[in-house]
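Q: Sequence:
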Amino acid sequence: RNLKRDIQGGTDFSTALSKYPNIFTVGYVALVRAGEATGRLYKSMSDLAGYLEGAERLKEKVKSAMTYPLFILCFAFLVVLGVVFFLIPKFEDMFSQAGAQLPLLTRMVVGASHFAIQTWPYMLGIVIVGIFAFKKALKIRSFRYQFDKYILRIPIIGKDIIHKSLMAQFCHTLSALLSGGVGLSTSLDITSKVVHHLPVEGAIGFIRDKVVAGANMSDEIRAQKLFPGLVGKMVAVGERTGTIDEMLSRTAKYYDDELDNIIQKLT
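In the numbering used here, the protein residues as written are 43 to 309.
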């Protein structure tokens, strides 16, 4: 209703949308503004719908990849708690009644069980405080940067799933913006804000600054260690043929397929 009122009052559609950043993102508004400028708003909206559907599918892929391993880990943790708090004390009574000398490893396990039973309120408090402190620390940009950087080093989850999803997101977003008529500098600036990963955001910002200064985007992408060689090569082909958006779209499709394969193997 507010959008309708603003437009009837003479406000541009894109300007009206920009008043609600929590609903309509910067990239969303930029694509609409480009459609207004070219007189092809209907095409921009159609491309935007396709981009948003693809972004949602990408989120679901990452969620499905993370959910199963997390479920297994949580289940295993609950089983260990059950063994430590309930099963081991019962076995200890049986061994003590038999009067047998327990092996060293068994005594260590029993000792760990005693320690956990006696100190579980303190351990629970430490965990709660640790989670609270971690959430607070994530709001500090320097800590968040190092945390995001460390995540990419985690085998499979970080190196494959998260990294490939970031590359797919980068290619999808930049391709959608360029094909929608948004300028390269603006497109890179918006893409850096979409990825929600500080090291990648910084790398995209650095690439944008170099491109504005006159450098080739493909050369600057290749210079960034966070970007695989494939992305730089495909962008280089796009620069030579004038089809950067199409090459980025193909690259995004490749990483989407790679994510599907990794998730199937992981499951």
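If you are wondering where the hints come from, they were derived from the structure by calculation, not from laboratory data. Just so it is clear, CB atoms sit at the ideal spot from N, CA and C, and this is done for glycine as well. Careful: at least some of the hints might be erroneous.
Below 25 Å or equal to it, Euclidean Cα-Cα: the simulated PhoX-like pairs (lysine-lysine) are [unchecked claim]:
#, residue 1, residue 2
1, K252, K101
2, K46, K101
3, K132, K191
4, K178, K235
5, K235, K181
6, K132, K101
7, K103, K252
8, K105, K85
9, K201, K191
10, K267, K201
11, K105, K177
12, K85, K267
13, K177, K101
14, K295, K267
15, K201, K85
Taking CB as the label site, the calculated pair distances span [what the hints assert, rightly or not]:
#, residue 1, residue 2, range
16, T109, G167, 41 to 49 Å
17, A79, Q306, 52 to 60 Å
18, K191, P131, 42 to 50 Å
19, G92, E300, 38 to 46 Å
20, R43, F117, 28 to 36 Å
21, T57, S184, 48 to 56 Å
22, I173, S88, 25 to 33 Å
23, G92, I182, 16 to 24 Å
24, R82, I173, 46 to 54 Å
25, A158, K61, 27 to 35 Å
26, G256, F117, 21 to 29 Å
Q: Tell me the hint numbers this structure goes against, listed in increasing order.
A: Of the numbered hints, 1, 2, 3, 6, 7, 8, 12, 15, 16, 17, 19, 20, 21, 22, 23, 25, 26 do not hold.
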